[in-house]
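Asker: What follows is each chain in one-letter form.
2 protein chains.
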Amino acid sequence: MSTLSSSPYKGTRDYYPVDKRVQNYIFGVWARTARRFGYEEYGAPLLEPLEVYTAKTGQEIVSEQTYRFTDRGDREVVIRPEMTPSISRMVAARRQELAYPARLFSIANFMRYERPQRGREREFWQLNADIFGATGPLADAEIIELGYEILKAFGAKKPMYTIKVNDRRVIDAMMHDYLLLDPIQSELMVKLFDRKNKISNEEFRDQAIDIFGPDKAADGLKKIAGLLVARQIDELPKEIADNPAVDELKHLFSILKKRHITNAAFDITLMRGFDYYTGTVFEFFDEDPENNRAMFGGGRYDGLVGLFGAEPISAVGIAPGLSTVELFLTSHNLLPELSSTTEVYVAVLGADQLEGAQELVTKLRAEGVNAELDISGRKLDKQIKTAVKKQIPYLMFVGEEELKKEKYNLKDTATSEEETLSFERLVTRVKDRRRKAGDNSDDLFE
Amino acid sequence: MSTLSSSPYKGTRDYYPVDKRVQNYIFGVWARTARRFGYEEYGAPLLEPLEVYTAKTGQEIVSEQTYRFTDRGDREVVIRPEMTPSISRMVAARRQELAYPARLFSIANFMRYERPQRGREREFWQLNADIFGATGPLADAEIIELGYEILKAFGAKKPMYTIKVNDRRVIDAMMHDYLLLDPIQSELMVKLFDRKNKISNEEFRDQAIDIFGPDKAADGLKKIAGLLVARQIDELPKEIADNPAVDELKHLFSILKKRHITNAAFDITLMRGFDYYTGTVFEFFDEDPENNRAMFGGGRYDGLVGLFGAEPISAVGIAPGLSTVELFLTSHNLLPELSSTTEVYVAVLGADQLEGAQELVTKLRAEGVNAELDISGRKLDKQIKTAVKKQIPYLMFVGEEELKKEKYNLKDTATSEEETLSFERLVTRVKDRRRKAGDNSDDLFE
Numbered sequence: 108m109s110t111l112s113s114s115p116y117k118g119t120r121d122y123y124p125v126d127k128r129v130q131n132y133i134f135g136v137w138a139r140t141a142r143r144f145g146y147e148e149y150g151a152p153l154l155e156p157l158e159v160y161t162a163k164t165g166q167e168i169v170s171e172q173t174y175r176f177t178d179r180g181d182r183e184v185v186i187r188p189e190m191t192p193s194i195s196r197m198v199a200a201r202r203q204e205l206a207y208p209a210r211l212f213s214i215a216n217f218m219r220y221e222r223p224q225r226g227r228e229r230e231f232w233q234l235n236a237d238i239f240g241a242t243g244p245l246a247d248a249e250i251i252e253l254g255y256e257i258l259k260a261f262g263a264k265k266p267m268y269t270i271k272v273n274d275r276r277v278i279d280a281m282m283h284d285y286l287l288l289d290p291i292q293s294e295l296m297v298k299l300f301d302r303k304n305k306i307s308n309e310e311f312r313d314q315a316i317d318i319f320g321p322d323k324a325a326d327g328l329k330k331i332a333g334l335l336v337a338r339q340i341d342e343l344p345k346e347i348a349d350n351p352a353v354d355e356l357k358h359l360f361s362i363l364k365k366r367h368i369t370n371a372a373f374d375i376t377l378m379r380g381f382d383y384y385t386g387t388v389f390e391f392f393d394e395d396p397e398n399n400r401a402m403f404g405g406g407r408y409d410g411l412v413g414l415f416g417a418e419p420i421s422a423v424g425i426a427p428g429l430s431t432v433e434l435f436l437t438s439h440n441l442l443p444e445l446s447s448t449t450e451v452y453v454a455v456l457g458a459d460q461l462e463g464a465q466e467l468v469t470k471l472r473a474e475g476v477n478a479e480l481d482i483s484g485r486k487l488d489k490q491i492k493t494a495v496k497k498q499i500p501y502l503m504f505v506g507e508e509e510l511k512k513e514k515y516n517l518k519d520t521a522t523s524e525e526e527t528l529s530f531e532r533l534v535t536r537v538k539d540r541r542r543k544a545g546d547n548s549d550d551l552f553e
Numbered sequence: 108m109s110t111l112s113s114s115p116y117k118g119t120r121d122y123y124p125v126d127k128r129v130q131n132y133i134f135g136v137w138a139r140t141a142r143r144f145g146y147e148e149y150g151a152p153l154l155e156p157l158e159v160y161t162a163k164t165g166q167e168i169v170s171e172q173t174y175r176f177t178d179r180g181d182r183e184v185v186i187r188p189e190m191t192p193s194i195s196r197m198v199a200a201r202r203q204e205l206a207y208p209a210r211l212f213s214i215a216n217f218m219r220y221e222r223p224q225r226g227r228e229r230e231f232w233q234l235n236a237d238i239f240g241a242t243g244p245l246a247d248a249e250i251i252e253l254g255y256e257i258l259k260a261f262g263a264k265k266p267m268y269t270i271k272v273n274d275r276r277v278i279d280a281m282m283h284d285y286l287l288l289d290p291i292q293s294e295l296m297v298k299l300f301d302r303k304n305k306i307s308n309e310e311f312r313d314q315a316i317d318i319f320g321p322d323k324a325a326d327g328l329k330k331i332a333g334l335l336v337a338r339q340i341d342e343l344p345k346e347i348a349d350n351p352a353v354d355e356l357k358h359l360f361s362i363l364k365k366r367h368i369t370n371a372a373f374d375i376t377l378m379r380g381f382d383y384y385t386g387t388v389f390e391f392f393d394e395d396p397e398n399n400r401a402m403f404g405g406g407r408y409d410g411l412v413g414l415f416g417a418e419p420i421s422a423v424g425i426a427p428g429l430s431t432v433e434l435f436l437t438s439h440n441l442l443p444e445l446s447s448t449t450e451v452y453v454a455v456l457g458a459d460q461l462e463g464a465q466e467l468v469t470k471l472r473a474e475g476v477n478a479e480l481d482i483s484g485r486k487l488d489k490q491i492k493t494a495v496k497k498q499i500p501y502l503m504f505v506g507e508e509e510l511k512k513e514k515y516n517l518k519d520t521a522t523s524e525e526e527t528l529s530f531e532r533l534v535t536r537v538k539d540r541r542r543k544a545g546d547n548s549d550d551l552f553e
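As you go down the protein sequences, you meet chains A and B in turn. Last residue of the first sequence: number 553 in the working numbering, and the count goes up by one each step with no gaps. Last residue of the second sequence: number 553 in the working numbering, and the count goes up by one each step with no gaps.
Keep in mind the hints are simulated off the structure, nothing from the lab. A portion of the hints provided could be inaccurate.
One copy or two, either will do: identical chains are not told apart, so a pair holds if it fits within one copy or between any two.
Result set (DSSO-like, lysine-lysine): computed pairs, CA atoms no more than 30 Å apart in a straight line [stated by the list, open to error]:
hint, residue 1, residue 2
1, Lys271, Lys330
2, Lys364, Lys514
3, Lys543, Lys470
4, Lys365, Lys265
5, Lys470, Lys538
6, Lys303, Lys357
7, Lys538, Lys259
8, Lys265, Lys303
9, Lys364, Lys345
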């Protein structure tokens with residue numbers, strides 16, 4: 108038989124322990140912060156019926172980017188490309204049993220058939236945190252605060268990023284009441300604004316002219332230019348400023364200011380791609396010149412739960428992604444050094460000591476120490492090399508002498524310092540290290 | 108637009124917080140125990156190329172049970188139906204960089220197109236723990252001990268289950284050297300033994316006669332009957348007993364006995380379905396008469412890594428599944444009461460106190476307390492009902508008086524007891540409860 112390739116499927120990643128540590132560090136901060144805010148974890152299926160997405164997810168994702176197929180029972184299914192429709196479906200299914208406002212979060216993987224690039228993989232991971240059954244700026248502010256606190260927990264400072272905020276109703280007022288576009292033109296213009304940072308000013312202007320049509324292009328472009336210069340929420344033209352969403356946005360900013368979130372700002376050019384948004388939309392944007400990009404965002408989607416036959420239930424959510432957060436942490440030098448979760452590697456000096464070492468390692472585990480036993484019978488230098496290669500903080504040597512005297516050599520693999528310790532002292536030493544390392548060591552599965 | 112169904116895709120489950128708590132409890136015990144033994148976590152892609160499975164997974168799974176499809180780039184892919192081929196591929200890809208023996212674990216979801224039934228879903232979750240690069244009974248014993256310690260961590264006692272052990276080489280000797288079957292007959296006989304507990308004795312006999320053929324059936328059935336009566340490793344016929352695997356099995360049982368694992372026993376009828384097993388195979392079997400079934404198993408598969416173009420690397424692993432473990436815990440009444448991860452629900456007495464309550468809840472979170480704030484502005488009785496429905500252990504009331512005096516009413520939602528406490532005392536009270544609840548509260552993402 109011919110040899111099989113050992114590469115992962117295109118656009119997906121193998122997470123070896125050294126990579127998984129980073130993923131778990133990020134997941135741990137996400138889960139811990141969400142729980143601090145009273146969000147409870149849920150899980151949704153990997154596959155959903157296709158209809159769940161055709162309704163509101165956005166044309167491009169469904170028709171070009173989904174992993175869809177027909178199952179062996181002739182059902183059209185999709186590997187979830189996002190979480191919002193799934194959790195909306197779940198809330199609809201138990202709308203009577205849930206207590207509101209319901210605060211829910213999940214950490215899950217998704218798939219989209221996109222061109223893989225830096226910060227974007229075909230299989231990707233997201234935190235999704237949502238409030239169901241709460242309307243108004245207080246709920247919107249809480250969701251933004253959650254994103255802010257997550258970045259704070261990673262050690263981020265406010266100047267490192269900005270939070271751009273807009274409202275779908277403001278966008279509608281801008282397109283319809285101010286730029287005087289019909290629904291089809293509006294949709295095209297929204298998509299054009301969405302691409303604004305990825306194309307040149309000339310391209311933007313040319314495509315805008317196409318959308319306005321020859322008669323209205325000059326006036327339209329002038330209005331857009333005006334909006335792009337001003338950008339302040341207090342300087343909006345009357346056609347937009349009269350929309351009640353503007354007052355709600357002002358209220359939202361006043362709450363954020365009280366919460367000391369001073370790096371949030373109104374941005375009328377922020378669109379957000381999903382069709383289901385109905386109110387506030389926002390985006391966390393990395394200000395590092397080397398990594399100047401949207402990190403993640405969210406918004407209000409009051410109409411989605413109602414699609415599943417339930418009374419409409421209002422909803423607002425946020426969805427940080429693993430890859431973009433990892434890029435942010437890397438670009439701002441915020442990722443901590445992460446060693447193995449194994450704390451002690453027990454090296455055995457001779458075959459006769461294996462049984463004693465086995466009992467010792469069992470005692471260590473009973474004390475809550477993560478301990479790996481070398482059962483290979485190899486020479487000591489090979490055992491030591493293994494522990495170092497695995498980035499295990501401590502090495503413990505077990506020979507005849509050690510078992511007789513019940514004193515053990517403990518070596519710090521980073522500093523090469525050695526100490527001879529009783530079993531109890533040794534356990535204390537290892538646990539002290541764990542505490543110093545932050546004690547966040549034990550985390551996800553609450 | 109017509110209403111969308113709110114049901115999950117057939118054979119999958121929605122995990123609401125109350126279900127997710129159980130899942131996280133089980134995942135937490137798995138992850139913690141695997142780490143205690145020095146296993147490090149990894150993650151593998153959701154999709155693999157089809158070839159990864161056609162080689163060795165077993166005909167039935169690949170041709171009848173996989174979720175396979177062609178992606179938008181014309182690649183034949185499969186939603187992983189199991190982890191063993193993926194981790195073997197990953198080890199092969201980094202065979203030079205990894206330190207051996209490599210101890211690796213993951214907790215992940217899989218899909219198989221099977222008829223959903225009790226303890227079996229189309230999307231299912233497993234722990235996979237494997238040792239790469241260690242041969243012999245010591246490694247096999249460690250993997251079995253890991254399964255044993257996991258069940259012990261759940262509170263299981265030895266009489267609740269047995270560990271059946273066999274060896275693929277013993278099976279081969281039985282089929283080829285003792286029952287004198289050719290390779291095709293052997294394969295059929297293995298599959299027949301695999302189904303033995305699901306069919307009647309008559310069906311078993313009739314199908315065995317078909318496999319032996321008329322001439323050899325009488326002799327063959329007599330031999331099988333003899334094996335089924337004896338079953339002891341010391342009473343095997345010479346044709347099987349001469350195989351070196353039998354001595355290794357005896358060595359394995361002697362190690363397990365030293366580790367106090369006295370509920371493990373040789374079982375020559377244990378086959379295990381996967382084609383890749385080459386040595387020891389084992390199965391943890393629930394002895395509850397109401398739930399008498401295989402829970403999970405594992406074994407040695409020394410040939411799989413080599414398929415990916417690497418030097419052969421020996422491997423042995425175990426894969427407990429979520430649904431069967433949950434059934435085991437339920438049938439033996441071992442599942443603990445699990446409350447919300449949110450510890451304090453902050454009820455606000457009047458709109459004027461919302462801002463003060465907001466600051467208070469921020470202080471609680473900074474102290475590491477998981478606190479949810481009611482921002483609904485509803486009447487107090489509705490806020491209380493919400494906290495109780497969410498199974499949040501404590502309710503805290505914030506009104507004008509409380510903010511002025513800096514003393515707060517804390518109500519235990521289970522006992523309805525109330526206390527008036529300073530902020531510091533309140534934090535201590537909440538943390539004491541968490542400690543008493545086991546302090547395993549923070550767990551997965553190390």
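Asker: Each hint should be assessed against the structure and marked as holding or not.
Answerer: Against the structure, the hints come out as follows:
no. : hint             : in the structure
1   : Lys271 to Lys330 : within (21 Å within a copy, 77 Å between copies)
2   : Lys364 to Lys514 : between (58 Å within a copy, 27 Å between copies)
3   : Lys543 to Lys470 : both (23 Å within a copy, 23 Å between copies)
4   : Lys365 to Lys265 : within (15 Å within a copy, 58 Å between copies)
5   : Lys470 to Lys538 : both (14 Å within a copy, 28 Å between copies)
6   : Lys303 to Lys357 : within (25 Å within a copy, 71 Å between copies)
7   : Lys538 to Lys259 : both (27 Å within a copy, 23 Å between copies)
8   : Lys265 to Lys303 : within (25 Å within a copy, 65 Å between copies)
9   : Lys364 to Lys345 : within (25 Å within a copy, 83 Å between copies)
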